[in-house]
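Asker: Put the complex together from the two separate chains, hints included.
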Amino acid sequence: MIAPSGLPRRHWRRLSTGLLRLGEEKLGRRWQQARQLIQSNGITYNVYGDPQGNERIWPLDPIPLVLSAEEWAGIEAAVAQRATLLNTMLADLYGAQTLLRDLRLPPDLIFQNPAFLRPCRGLILPQDVHLFYYAADIARSPDGRWWVIADRTQAPSGAGYALENRLVSAQTLPEAFHQSRVRQLTRYFEGYRESLMSLAPRNRDNPRIVLLTPGPYNETFFEHAYMAKQMGYTLVEGGDLTVRGDRVFLKTLGGLVPVDVILRRQDDNFCDPLELRGDSVLGVPGLVHVIRSGHVMVANSLGSGLLETSAHMAFLPGLCRQLLGEELKMPSVATWWCGQDAPRAYVRENMDRLVIKPAYPRFGVNPVFGAALSRKEREELLGQIEARPFQFVGQEQVPLSTAPVWTEQGFDPRFLVLRVFACWSKDGYSVMPGGLTRISTSADSLVVTMQRGGGSKDTWVLSDMDDSSGVAPQVRGPVDAVRTTELPSRVADNLFWLGRYVERVETQVRVARALVPALSGECDLGGAISVEAAVGVLAGFRYLPAEMTQARPAEQLRSLERALMTLLFDPHRAAGLIWTVNQVRRIAWQLKERLSTDSWRVLNQLDKEFQRSQPPPNVRLLAEIEMLDRSVMTLSAFAGLMMESMTRGPGWRFLDIGRRLERALQMVDLLKHGLVVTHGDLAEHLETLLRVADSSITYRSRYYTTMQADLVLDLLLVDESNPRSAGFQIATMGAHLSQLPKPDEPGTRQPLEARRILKASTAVRLARTDELARADSENVRHELDAFLQTLRTDLHEFSEALSSRYLSHAQLSRMF
Amino acid sequence: MIYRASHITSYTYEDPVSTCHSEVRLLPRNCPHQQVQSCRIHIEPEPSVFSVRTDYFGNYVHHFAILEAHASLIVKATSLVEVTAPAIVEPALTPPWEDVRDHIRAYPDPHALEAFEFTCESQFITTAPEFGAYARQSFTPGRPLLEGAVELCSRIYREFTYVPSSTTIDTPVMEVFRTRRGVCQDFAHFMIAALRSLGLAARYVSGYLRSGANYTGAEASHAWLSLFLPPAGWVDLDPTNDVIPGEGHVTVAWGRDYGDVTPVKGVTLGGGEHEITVEVRVRPLLDTQPTAA
Chain A
1 MIAPSGLPRR
11 HWRRLSTGLL
21 RLGEEKLGRR
31 WQQARQLIQS
41 NGITYNVYGD
51 PQGNERIWPL
61 DPIPLVLSAE
71 EWAGIEAAVA
81 QRATLLNTML
91 ADLYGAQTLL
101 RDLRLPPDLI
111 FQNPAFLRPC
121 RGLILPQDVH
131 LFYYAADIAR
141 SPDGRWWVIA
151 DRTQAPSGAG
161 YALENRLVSA
171 QTLPEAFHQS
181 RVRQLTRYFE
191 GYRESLMSLA
201 PRNRDNPRIV
211 LLTPGPYNET
221 FFEHAYMAKQ
231 MGYTLVEGGD
241 LTVRGDRVFL
251 KTLGGLVPVD
261 VILRRQDDNF
271 CDPLELRGDS
281 VLGVPGLVHV
291 IRSGHVMVAN
301 SLGSGLLETS
311 AHMAFLPGLC
321 RQLLGEELKM
331 PSVATWWCGQ
341 DAPRAYVREN
351 MDRLVIKPAY
361 PRFGVNPVFG
371 AALSRKEREE
381 LLGQIEARPF
391 QFVGQEQVPL
401 STAPVWTEQG
411 FDPRFLVLRV
421 FACWSKDGYS
431 VMPGGLTRIS
441 TSADSLVVTM
451 QRGGGSKDTW
461 VLSDMDDSSG
471 VAPQVRGPVD
481 AVRTTELPSR
491 VADNLFWLGR
501 YVERVETQVR
511 VARALVPALS
521 GECDLGGAIS
531 VEAAVGVLAG
541 FRYLPAEMTQ
551 ARPAEQLRSL
561 ERALMTLLFD
571 PHRAAGLIWT
581 VNQVRRIAWQ
591 LKERLSTDSW
601 RVLNQLDKEF
611 QRSQPPPNVR
621 LLAEIEMLDR
631 SVMTLSAFAG
641 LMMESMTRGP
651 GWRFLDIGRR
661 LERALQMVDL
671 LKHGLVVTHG
681 DLAEHLETLL
691 RVADSSITYR
701 SRYYTTMQAD
711 LVLDLLLVDE
721 SNPRSAGFQI
731 ATMGAHLSQL
741 PKPDEPGTRQ
751 PLEARRILKA
761 STAVRLARTD
771 ELARADSENV
781 RHELDAFLQT
791 LRTDLHEFSE
801 ALSSRYLSHA
811 QLSRMF
Chain B
1001 MIYRASHITS
1011 YTYEDPVSTC
1021 HSEVRLLPRN
1031 CPHQQVQSCR
1041 IHIEPEPSVF
1051 SVRTDYFGNY
1061 VHHFAILEAH
1071 ASLIVKATSL
1081 VEVTAPAIVE
1091 PALTPPWEDV
1101 RDHIRAYPDP
1111 HALEAFEFTC
1121 ESQFITTAPE
1131 FGAYARQSFT
1141 PGRPLLEGAV
1151 ELCSRIYREF
1161 TYVPSSTTID
1171 TPVMEVFRTR
1181 RGVCQDFAHF
1191 MIAALRSLGL
1201 AARYVSGYLR
1211 SGANYTGAEA
1221 SHAWLSLFLP
1231 PAGWVDLDPT
1241 NDVIPGEGHV
1251 TVAWGRDYGD
1261 VTPVKGVTLG
1271 GGEHEITVEV
1281 RVRPLLDTQP
1291 TAA
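In order, the protein sequences belong to chains A and B.
Counting in our numbering, the first sequence runs from 1 upward without gaps.
Counting in our numbering, the second sequence runs from 1001 upward without gaps.
Next comes chain B alone, as it looks inside the complex (with noise of 0.2 Å):
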């Protein structure tokens, strides 16, 4: 599937800015089950310095400074993916679970190695001993693993509530699983916390969804995680819609957790309060055409 994705952020500022430097990171990355065709990032007003690179993680980077004065600014991203489902794996005929943290902790190999990082505690995701007790409800002695994550995936669904804007992006892991809600990026993060406080590696995943497909956090940001499972395999989880990602999800970046991956951040000199809004589509190429629902 094809899709034409657009992500517009719009910042008004209470005072002028007189200069602001940013990071950007949304352009879609290309990986095993996703081709970006093109992007075009645009930026109002016009920046006097932009750069691309790749960071830590192999994640696109747009920095852009803009030294004029300025009462608002507008980034605009549009790209042209195209996502293939990803194969599927059968989840009783992965290995279990404890032969897989044991692997990455001897990191015989570059891809373990890459995925001992993700087992790690970061800014946003901390591990303790009351994550594990639940995510061991699934992980029982034994079980595979994926078959443990679905299992995991599922009672986040069920058992936490999704409230829009119940939570900021620095609500601790602990207060998300203590009151049971949060949004998208809190599910990410909580079911993160649990799979490392067993020792399993698992990324964060900011990307998007595509629209009108009846998925819970369309319109907006998305974000997921995604599952070590040797050799050199990652599955993604989406907890808050309770799938294996496939056609419909288009991958931005990765990273330990938000704070690696925030779309758009930035500095300012003066500016004073900012107002914010965001606006996501993402619709198939061949769906542009109005059809009959």
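Chain A extracted, bound-state conformation (with noise of 0.2 Å):
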């Protein structure tokens, strides 16, 4: 950043300049605000190992990465020839392999290389595309020079991420964005679309491309959804694709729809448990075979992991020449493949030098600093060198340069490696003018990566030309050109969980909300709520035991408090509030991509008003009404941006079945629970349940004060105009129903899931509300308990027979 005479480098002069104005205070809080953006984006990446499981928050530093245009054209033109190169390295070896017959590679370089995928040799790819998209890791040494330390040639991430940074940066230092003229990543992602549209082996016009992802437990997952959603590609795992004949064809609601292009972000040797890797199940079985009988474009090819290895980097100067005529632009850090005999005594002579890596990239090995190890690893590692030599390399240390970052005692100098993206168009490789810029964990870390911490930056590439206006970039994503009616079923299933989940959280804030005045005695105009019927409500739930019914006053107020507690606060109570909010935040998790922001916003507002790890000390129940009724309001929110902001597709309707669903079986139990057996004062139980279904307000409007049991349950069963009564869940979900594409079976019969709903239906409808509501002797109403019990089976049979009719994923299994 610094040049030789001590002032900012020419091309840094704008954002220092617009840093310097900023002051360090109001930078501080436009960070504060960016930091809160990333947040509530919800931009996050996974790590391996964490025991948590958990994402974690994109890391970003507020100074970008700043290129000139000149600099900038030489990286450019570089990583352009290394992609081009590695493409034609790979339709050699996966095609004539001229180039082992004719001694440019050492042929164990391939033969022992795992990622060497033999199915696919000889495949025959539209355009012989190996490598569609490519990323290059580059370093600079302080001399300024530019060195390539990894080639990414499998499914490389980070596109997505540096795309997301630019939308922060951009937002946090408007005003040196527009004035450095820095360049735009959108035409890069426009014309990346484009080229993968014009690899479609048929329908080149409008090709149906999915982006396949290992999962939402992926690294990366973030990204995987980022871009489905930003391309318009419909986001897949491999259980949502199954081989036909020689199609591939994504599992959806209305049936199975033949895919045209593939681009994948799992890694290749997992793409098909039949051919590539004998001990997975995940994949889609018969994929190389669709592949082969070219009727599906997978990118990047499948086998194409064989160049991620940093053995091959001694030879490219050669093979550049060769095959390209060209010498090659941007050298590698210097690498000693021990497979061969001189380099291998290269590295045994000069371990403290060198960095030694496995030569082929596995899960779990790290590099090792020759300089750091003691005399005994030294020998050990020699000797495992000696035994397999073929699996290492020793690379040289580059000296790297550093760059300016933001921290909380101001600026400090971290070391930054640069992740250059390019991908394939027929004109020749396009590079992303920008990229991801990672940066190390401290100031004496060479460590750069985000496995193990370290930070990121965005990059500016500075224009000489005036063309590049300064509009913050937005891929104009077709997100509403997703089919609707594509929807995968696994996705369906998601939402209908979610939609499930979301509700409960909701009864168990509004029963707390209902329950927590019976411990003060007080209450407010309407008719007092007993403890007795608290703790039937509870205990009916399970959240106390069943003989506390019995038991003496004093004893039932200290076990209600304690039940409400455990239900709030405990995070290991099983199926309690916390535990709930849980299931909500990993389902909508994999829903990523399919939730607004706004949605996902509202998600984190109510993980973080539950996320407390303990419950606070000497926490006084009533006040936490306040917070209780904040998550009410949350809730809502949630709910109305479903209902305002989600199309009325098959999605909509297995969200909006899963909350029916949920509320109906809760609405069923609370009745159960609540008036099945009323001892002690039956008014103060249907106050009880009133207010836990939140209708009241409803009833004393209609009702005034009268308190009869056979109109709480017409109100709370029966009534199909009011949003919270069994009868209303009911008949929306009959109406759903009617919408959902119909399973093609012969005859007439209506299908399982049908008849269940219009049996319900007909019972509620039909119910005698005065004769359930007759208690015997013991205040025991037997013909609500039987009319409650039937209900309950018919929805659950309902809900089975929905599964398996739309959602349910059998397993993949092997046979040998």
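Hint data in this document are derived by calculation from the structure and do not stem from the laboratory.
Note that this is a predicted model, so its numbers are computed, not measured.
Among the hints, erroneous ones may be present.
Said to hold, decoys possible - Computed spacing ranges between beta-carbons, pair by pair:
| id | chain 1 | residue 1 | chain 2 | residue 2 | range |
| --- | --- | --- | --- | --- | --- |
| 1 | B | T1078 | A | D246 | 20 to 30 Å |
| 2 | B | S1048 | A | P361 | 32 to 42 Å |
| 3 | B | T1161 | A | V257 | 52 to 62 Å |
For glycine and all other residues, C-beta sits at the position ideal for the given N, C-alpha and C.
Answerer: If you want it as structure tokens, here you go:
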């Protein structure tokens, strides 16, 4: 950043002037806002082996890396050249293998590499494109030269994070961004989309493209969901696809639809359990067969991970001359592959100056700095190298240049590595004008990886022309072009359960909110609710032992308070509130690309309200009412967003069916636990029920103050105009059902789920509430009990029939 | 000798299987001493997709998919194969084993390059200094390649115990070496591992033995190995029976190890647990009439 003159380098000036004008305090404040933006947008990455299994918030530094137009031109040309070279090498190694025959590459470098996928040799690919997209990790030495330190040829990640970094940094430093004439990222992504379409084996005008993700536990799942949303691709997991004949199809609610292009973020080994990795049941059985038949394009090609090794680096200058007739434009960091005698001897002699790495990247094997080894460790490593020399490379340590980062203590220099992205186009590889800059964890650490801490920066490539407007980039994504009928069954399943769990959270909050006042014995206008009735309801939901209903009042009061505390604050209570909120979060994460940013913010808010690891000491439950009120508001906001912002496709219907089903079941249970047996004052029981069901005001406005069991039943069970009644839920589910894609089954008989919902609906409509409300001399309502029992069974059978028709997933298994 | 070979694999599943994708390597390949006259693969229930190709190693692979629910699967391969005994190679006249190793390492021609791949480790076959040390007792310095290999084959035959069902398909070679027991697949894997540990090229061969010829490993899939002998030849060795295979061995497929040539493999949706039975018959065509023993 600083030139030898002591002044900032020329292309940094606008930014540094901007920063000076802003001042540290204001920058700090802007930065605080940016971090909130990152958090509420849910930009995260996952860390393997994190016991929490949690995603972490994406670390972004507010000061971008600025590159001059001139410096960038060199990087751009070098990365495009390298992508061309690697693509040509892949075509040869998976084809004629002349590079091996002509002694250009040692054969064992290929044959020993576990990423060499033999079933993929000889596949015919559209335009011979193996590398549709590629990324190079490059680093700058203090003399200003750039070096390639790693090639990402498999399924490079980071372009989505780079785009998201840009959105945040342009908002944090809008003045400097505008004045610096930073090149836009938009055009790169537009080209990316067009090029990928042009590679489709058919339907080139409008191919069906899916983005294949290993799933929500993958390190960069955020990016998979984000890119799918931005580019308008359907996000799928292996289980969503199936091979029929010579084609691959997406399983949707409406049936199977053919897929033309698979943009994969799943490692190639795991893409086809039949022909590739034999011990895996991930992926799509038969996929390689479909590729061989030429009916689907997979990008990057299966097997392209072959060149992710650094062992080939020493051979690239010669290969570049031979294959492209050019000199390699950017050197690789000096690398010695131990599979050959002379380089191995060099590594042995110069271990102190080298980093020793596995030649074929393996999970959990990290680079070792030779100088940091004890004598014993060194001997051990040398022994391992002698036993399997081909598995190791030695690499020179490039002295890295630094860039400033913003810390609590002000600016601090850190080492940086820049990931540059390229994608194929019919006119050659095009390079994204920007990139993902990653920085080391501390001023003296050379380790630059997101997996072990470290941060990122936006990368500003300056334009020397006037055509670049400073408009914050927004990929014009045809988000609405995601064909709504093509809802993968797995997604419908997740939406259904999201609906159920959100509703369960709401019920739990409402139960707690209605019962807390019983602790004080005080109540607002309406009738009092009794400790006894509250205990009855909680015991029914199994938050209290059943015998507590018979206990003395003082003991009941104490146990009521304990039960409510557990329900609200105990993270270990199975099916407690915190557990349920975690379920909501887990499922919402899997639906990341389907939820709007606003919905995501609301869910984050909900999470924040309940994520307390411990109940606050000496908490007074009565004081928590306000918190519960807030949560009800948050939940209503979520419900509102769902109603107002989701298109009325099958996805929305499954979400709503989930909600309605859960609410109906909760109401059935509430009536069972609150009304079948009523010891003590009946009016207090009824008041409790009405409050939990949030129907107190409706009841009073309709019936004034008379508390009658049959009227309460009428309102909570039968009345289809009351959005809290069981009847309302059942009627709504019936309406949704009639709009879902129909199973093609012969005959006129209604499917099972329709028959069950019809039965439930008829039973509720015909219910004689006066008879159901009648109690025997022991205050037990047997008829009501039997009625609710049948209703419950019908609703469960409805749910199972619906799942097995639309949502069920059988497991893959292997046979030998 | 002309054989009629039949290989029947039957699966019965605990639960119905809704779809099944499968690959089989059951059609014997043609090679210098073997001609396939006819072959038929029959699958029940009838598959909706069925195709044949040759794989990376030149073996025939049939790919099929069954897309209707089924509770059992039968794959039946029958072929008519003519096998002639390969020309006998005099072990003492083969080159010193170190020369062969260096020749492969330098790969002056496509044959040697092809062999190069079979010096490398593979999924089921690792190399180890212990294996190399075991092999060197037979591969003394300067010893002709085939002399060393024949002796190594005999030692494995004598020192290792054939114990049916003692191992599974993924029992590591090191464990076979330690326990000195296994089945034909383990014997072949271990001998290949020992040869590769010396830098020699050896490939895994799957095939059949003539029924009723007093061989160990008949009436099922059999396995042995093939050793590269420059300039262009490969010599088979069967450590389970301590023979150089001749007329009695029918070659089906070869690869780096069992994983490359699994006779029947597949991925099913549903099915739960399954049971497999395998039945192999290899009878000389002239021998199909009952004759006096």
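Asker: Take the hints in turn and mark each one as holding or not.
Answerer: Hints, verified against the model:
The hinted range of 20 to 30 Å is satisfied by T1078(B) and D246(A), whose Cβ atoms lie roughly 27 Å apart. Evaluation of the 32 to 42 Å hint for S1048(B) and P361(A) yields a pass: the beta carbon distance comes to about 39 Å. The supplied range of 52 to 62 Å is met by T1161(B) and V257(A), whose beta-carbon atoms lie about 57 Å from each other.
The earlier numbered hints are all upheld by this structure, with none contradicted.
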